[in-house]
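Peer 1: Protein chains in written order, with this note's numbering: chain P, 1 to 189; chain B, 1 to 522.
Think of the hints as simulated: they come from the structure by calculation, not from any bench.
Please read these numbers as outputs of a predicted model, since none were measured by experiment.
The beta-carbon is built from N, C-alpha and C at its ideal position, and this holds for glycine as well.
Here are a few chain B residues that sit away from chain P, every Cβ distance over 10 angstroms (derived from the structure):
no., residue
1, A3
2, L13
3, L14
4, A53
5, V62
6, G99
7, I218
8, A367
9, P369
10, V370
11, V373
12, P386
13, T490
14, D498
15, R502
16, E505
According to the in silico footprint, chain P covers these stretches of chain B (three or more CB under 8 angstroms from chain P):
no., region
17, 129-143
18, 150-158
19, 162-168
Residues per chain, in single letters:
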Amino acid sequence: MTVSGVLIVIMAVLFACGVYAMLERSLTRVLIGFLLLGNAANLLLLIVMGEPGLPAFFGDADKDEFSDPLPQALTLTAIVITFAVSAFLLALIYRTWQLGQADTVADDEDDVALRAPDHAAEEDALDDEVEVEDADDEISSDFIDVSTSPITVLHHVDHPAIDDDAPTDAPDASPDAPGDGPNDKGTDA
Amino acid sequence: MSALIPLLVMLPLLGAAVALVAGRRRRVQIAASVTTLTAVVVIASILLGAVDASGTPVAVSVGGWPIPFGIVLYVDRLSALLVGVSAVVLLAVLLFSVGQGYADGDDDTPVTIFHPTYLILSAGIFTAFIAGDLFNMYVGFEILLVASYVLITLGGTESRIRTGVVYIVVSLVSSILFLAAIAMIYAAVGTVNMAQIAERMAQLPASTQLVLHLMLLIAFAIKAAVFPLSFWLPDSYPTAPAPVTAVFAGLLTKVGVYAMIRTETQLFPSSDVNTLLLIVGLATMIIGILGALAQAELKRILSFTLVSHIGYMVFGLAIATPAGLGAVAYYIVHHIVVQTTLFLAIGLIERRAGSTSILKVKGLMRAAPVLAVLFFIPAINLGGLPPFSGFIGKYALFDAAAQVGTPLMITLIVGGIITSLLTLYVLMRAWNLSFWREDDEPDEAELETLDRVAYLKGAPAAAVQTERRAIPKIMTAATAGMVAVTLALTVFAGPLYDLCARIGEGISHPVHLSQLDEEAGQ
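Between the sequences and the hints, there should be enough to build the whole structure, so can you do that?
Peer 2: The structure is reproduced here in structure tokens:
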């Protein structure tokens, strides 16, 4: 089986870049890393197909002249799956942005509490939750300190319960009416 | 008979479609989900009976392609048993969540997607269990994973998004590894059909086999939460809604274990990494249970015991004798049922007491005596106290290991016994603090009790304090039903264990392509 060396190099670079990007805290970069990894895996499937040949199941040539159709089918399936997961990740990133105005993965407060056991031990165990400072200074979003959200939601109504600064195109909606909620709830689902 | 097999996947998907279209008509949704899962339970029992009676597995080639080329669904005793048990568990958890939904009056909240997603999750689990080729198994994994992403971030609250992100990113990495491993296996042997892989794999050089073998094992070990790839589980499971956590804890890790079993027995019978698996299994057991010791929050405690008990399954798999594999099959069934029941019981505790921290919850014995029983029985079962199924499963594992009798096996047995005792200690500590402590206990006695667990003061606090609410009957009934199933595993341990022994005997020889052909031809 002969394969193209260029393809192999590209695949290796894609895998390396993908892993590197996925190690980032910013979810947007995780998404990019995932896309690179997905493409690297698809390329790997194409490489294992071997030498390209005639379209399979078409015409009547010698059977050695046809391309191997199975990796193509596998690649198509994998592309669809990657697509669906990317869409979900985008929704997740937007939700993270809405909640915290950042797209980074926050530290687990419990982990932070465990790391400083002396601090935690002073608290009475019967008291309420251990207060932990948010590690805000570690946030490394590309959008930090930008006053506008990257996306304007049409017909989005400001809702007091949701802590975001997403621009609204209906800013005059009465903020005292919690009944405005349905719109928000619908999009949050 | 073979016509029934595709139904295991099609019915849940069809049910999901109906539930999605039904939208906000909750009764239709519930009816669709319950009917679908009940039908799967029935079909799985029929298949199990038929496969067990005839002794030959059933294979069906979907779409009519000749067998090594098309998608093959393959049901042997192990698949049929696991599909059946999963369907029962899924059904019970569904009833539990229905009860919860009714009580909370969630007609307005956006959980119309819960039922469809839940059914798609079921379809993914069943697909993974009956896949006859590696790529179809990958598709099954993806179906269940994508559904689980939605379920773990249900409602989109801040804590769920945070923990969900950890879960999702880790799962993505495992999926890509799996896909890359499939591509490399295809490059090496030119097929993705498991039976054909088994035939051709033996002709490859041992080093190539080892690389492919380890790649697959790593991908599955992440899913199964085997140490050192288990870090994500205690972090991400506890924040999800109680029914979701219950079903994840019971089933999703077991799908990973099932895939590891197929890898070891079917794909790479001639490549031997059993020593590695034994060491990893020991580490999983011990480190998992030590993690549970340091926790004061019920869901976290259980998540760590879950990791710890995956170690037993890896242990049994690495024994690699028919007796060991049979013991694993029994242990998986036991663990699916018991772990889910415990999470359901904790869902009830959370509801009744408004918290899941064992330092805060108290006086439940007087307030909810039924709940005390519902938590106690699965707890001592998981701890491995005779005569329950946990004891039978562990005894079978240790017995199989003792028959091999190498020093490493003896170490594993000792490690297993220590883990079992620590599990019992952890769960009884939780039970004592939450149930035996009096609500109106005088301060001194209370402080004295808490002094004894003073080392827990630094432990992570319970997530959220919720209001105390009454428990709807249907939730109690669903949990009680699951407890009854755990008891049934004990009462009917004889026939079930015989079945598992036959499973161990059956899967210890890889299936060959010619067998599949014959079966599909019938």
